[in-house]
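**Student:** Here is what each chain is made of, one letter per residue.
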Amino acid sequence: MRRRITIPLVATGAVVSALAVAAPAQAHGYVSGPPSRQALCAQGRVPDCGQIKYEPQSVEGPKGLRSCHAGIAHFAVLNDDSRGWPATSVGSSVTFTWTNTARHATSNWEYFIGGTRVAVVDGGGRQPGATVTHNINLGGWSGRQKVLAVWNIADTANAFYSCVDLQIGGGGGPSPTPTPPPPTPTPTASPSNPPAPGGSWTTGRAYQAGDQVTYGGLTYRCRQAHTAIPGWEPPNVPALWTQV
Amino acid sequence: MRRLRTVVLLAALLLVPGCAVGAAPAQPAPVPAQTAAATMSGLDVVFLTTMVAHTEQTLELVRLSRDRVTDRKLRTLVAAIEVTETDELATMRGWLREAGPAATGAAHQHDHGHGTAAEDLARLRDAPAGEVDRVLLDVLGDHQDAAADLARAHLTVGADPRVRDLAGRVERSRTAQVSLMAGLT
Numbered sequence: 001m002r003r004r005i006t007i008p009l010v011a012t013g014a015v016v017s018a019l020a021v022a023a024p025a026q027a028h029g030y031v032s033g034p035p036s037r038q039a040l041c042a043q044g045r046v047p048d049c050g051q052i053k054y055e056p057q058s059v060e061g062p063k064g065l066r067s068c069h070a071g072i073a074h075f076a077v078l079n080d081d082s083r084g085w086p087a088t089s090v091g092s093s094v095t096f097t098w099t100n101t102a103r104h105a106t107s108n109w110e111y112f113i114g115g116t117r118v119a120v121v122d123g124g125g126r127q128p129g130a131t132v133t134h135n136i137n138l139g140g141w142s143g144r145q146k147v148l149a150v151w152n153i154a155d156t157a158n159a160f161y162s163c164v165d166l167q168i169g170g171g172g173g174p175s176p177t178p179t180p181p182p183p184t185p186t187p188t189a190s191p192s193n194p195p196a197p198g199g200s201w202t203t204g205r206a207y208q209a210g211d212q213v214t215y216g217g218l219t220y221r222c223r224q225a226h227t228a229i230p231g232w233e234p235p236n237v238p239a240l241w242t243q244v
Numbered sequence: 001m002r003r004l005r006t007v008v009l010l011a012a013l014l015l016v017p018g019c020a021v022g023a024a025p026a027q028p029a030p031v032p033a034q035t036a037a038a039t040m041s042g043l044d045v046v047f048l049t050t051m052v053a054h055t056e057q058t059l060e061l062v063r064l065s066r067d068r069v070t071d072r073k074l075r076t077l078v079a080a081i082e083v084t085e086t087d088e089l090a091t092m093r094g095w096l097r098e099a100g101p102a103a104t105g106a107a108h109q110h111d112h113g114h115g116t117a118a119e120d121l122a123r124l125r126d127a128p129a130g131e132v133d134r135v136l137l138d139v140l141g142d143h144q145d146a147a148a149d150l151a152r153a154h155l156t157v158g159a160d161p162r163v164r165d166l167a168g169r170v171e172r173s174r175t176a177q178v179s180l181m182a183g184l185t
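Listed in order, the protein sequences are those of chains A and B.
Under the numbering used here, the residue at position 55 of the first sequence is numbered 55, and the numbers go up by one with no gaps.
Under the numbering used here, the residue at position 108 of the second sequence is numbered 108, and the numbers go up by one with no gaps.
No wet-lab data here; the hints were simulated from the structure.
Hints should not be assumed to be uniformly reliable.
As the list claims (entries may be wrong) - Here are the computed distance ranges between Cβ atoms for each label pair:
#1 A/Thr202 x B/Ala182: 18 to 24 Å
#2 A/Gln208 x B/Thr91: 23 to 29 Å
#3 A/Gly217 x B/Thr185: 35 to 41 Å
#4 A/Ser92 x B/Arg125: 45 to 51 Å
#5 B/Ala118 x A/Gly210: 36 to 42 Å
#6 B/Asp67 x A/Thr202: 28 to 34 Å
#7 A/Gly217 x B/Arg63: 33 to 39 Å
#8 A/Arg117 x B/Thr91: 42 to 48 Å
#9 A/Gly217 x B/Asp145: 47 to 53 Å
Beta carbons are placed, not taken as given, at the ideal position from N, Cα and C, and that holds for glycine.
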């Protein structure tokens with residue numbers, strides 16, 4: 001199923017693309033917070049990780065493995081403890097977030113430190129959400145620890161693996177955030193501008209084609225009937241609004 | 001429609017036991033030189049790729065139902081979702097092309113089965129006339145909720161300002177759509 005296994009090294013991008021288009025699905029889920037090793041690679045916080053940078057969700061292997069890379073040779077960097085993986089400082093209770101790019105029916109999620117299973121969360125054979133969070137108690141553990149998080153799929157023999165490096169307790173502060181999200185800009189219509197016919201753009205209002213509004217000091221004409229909602233501000237949705 | 005069936009088929013193939021890959025000696029993939037815009041991280045590419053597949057499914061849901069929806073407000077919402085997400089899809093594909101062959105290679109091998117399950121699509125396709133609105137509200141509500149979740153998760157980890165801005169708009173618009181749809185049930 002995995003195209004890299006069956007296809008010899010190919011030299012040209014064109015060939016890679018052509019094969020990739022025909023390749024079956026294979027990417028599914030990883031721990032995004034605290035950042036797993038593959039997430040750190042994908043964020044660019046740990047350099048020179050190879051292909052995992054573009055597919056942190058692909059660390060898939062048979063159930064029951066206890067390595068960080070699911071035994072996949074070209075993801076072996078994930079299992080290399082000497083790579084200086086930054087550890088996220090946490091307290092004794094940690095919220096793990098999985099980002100699932102394919103929502104497979106789930107047997108359970110398991111968390112290991114060393115050979116010890118520190119937590120298991122039942123999946124009930126159901127399809128999980130696009131993201132899943134677990135609040136895991138790591139009381140009794142301290143210092144630097146490598147947590148192996150495992151997502152066991154209900155209807156295949158496979159599981160997805162993510163290793164997360166933590167600094168537990170010991171006065172650890174809040175986890176460092178690599179790129180704090182900026183406050184979402186929510187521009188509002190400038191109050192200093194006299195309202196054009198139709199008034200200022202207002203969420204919750206139903207607009208018809210031809211209606212005019214002001215937004216951010218500019219005037220827009222509605223192109224297609226809709227109810228205004230956040231995220232559909234006139235400059236953001238040219239399909240719905242044209243600047244006059 | 002044909003693409004969707006292909007997608008479902010691929011997803012089904014993936015579930016066939018024996019696809020386990022972990023123990024196989026894998027050839028390392030060629031890692032092409034990175035030509036992505038400097039600000040586009042691997043996670044941005046993953047998010048865009050996932051959202052492209054998700055948006056393609058939105059448009060499938062819309063096309064399956066738009067001529068059969070009876071409620072006027074729902075019909076208006078579905079039409080607005082179609083035009084706004086068609087634009088978003090073009091934007092995201094453009095950014096992925098811009099990100100270069102390494103990114104688009106990863107993009108193409110990415111899963112295609114994200115989000116709405118085959119049975120949900122079948123439910124919508126097979127819904128009798130009087131049931132289309134109810135089934136669409138159910139399926140599209142879940143689908144847009146999943147998009148909001150993905151976008152919310154990306155807000156804290158995304159690198160490229162354009163991609164983060166898009167994620168913010170996806171998060172807000174899909175959340176608002178779910179509320180609108182809840183008001184129609």
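**Student:** Taking the hints in turn, state whether each one holds.
**Tutor:** Evaluated hints:
1. Between A/Thr202 and B/Ala182 the C-beta distance comes to about 20 Å, which sits within the given range of 18 to 24 Å.
2. A hinted range of 23 to 29 Å for the beta carbons of A/Gln208 and B/Thr91 is consistent with their spacing of about 26 Å.
3. The beta-carbon spacing between A/Gly217 and B/Thr185, approximately 38 Å, falls within the hinted interval of 35 to 41 Å.
4. Checking the proposed 45 to 51 Å range against A/Ser92 and B/Arg125 shows it holds: the Cβ atoms sit about 50 Å from each other.
5. Range check, B/Ala118 to A/Gly210: Cβ separation about 41 Å, and the 36 to 42 Å hint holds.
6. Separated by about 30 Å at the C-beta atoms, B/Asp67 and A/Thr202 satisfy the suggested range of 28 to 34 Å.
7. The given range of 33 to 39 Å is respected by A/Gly217 and B/Arg63, whose C-beta atoms sit roughly 37 Å from each other.
8. Against the hinted window of 42 to 48 Å, the Cβ-Cβ separation of A/Arg117 and B/Thr91 comes to about 44 Å, which satisfies the hint.
9. A/Gly217 and B/Asp145 have their C-beta atoms about 34 Å apart, which leaves the hinted 47 to 53 Å range violated.
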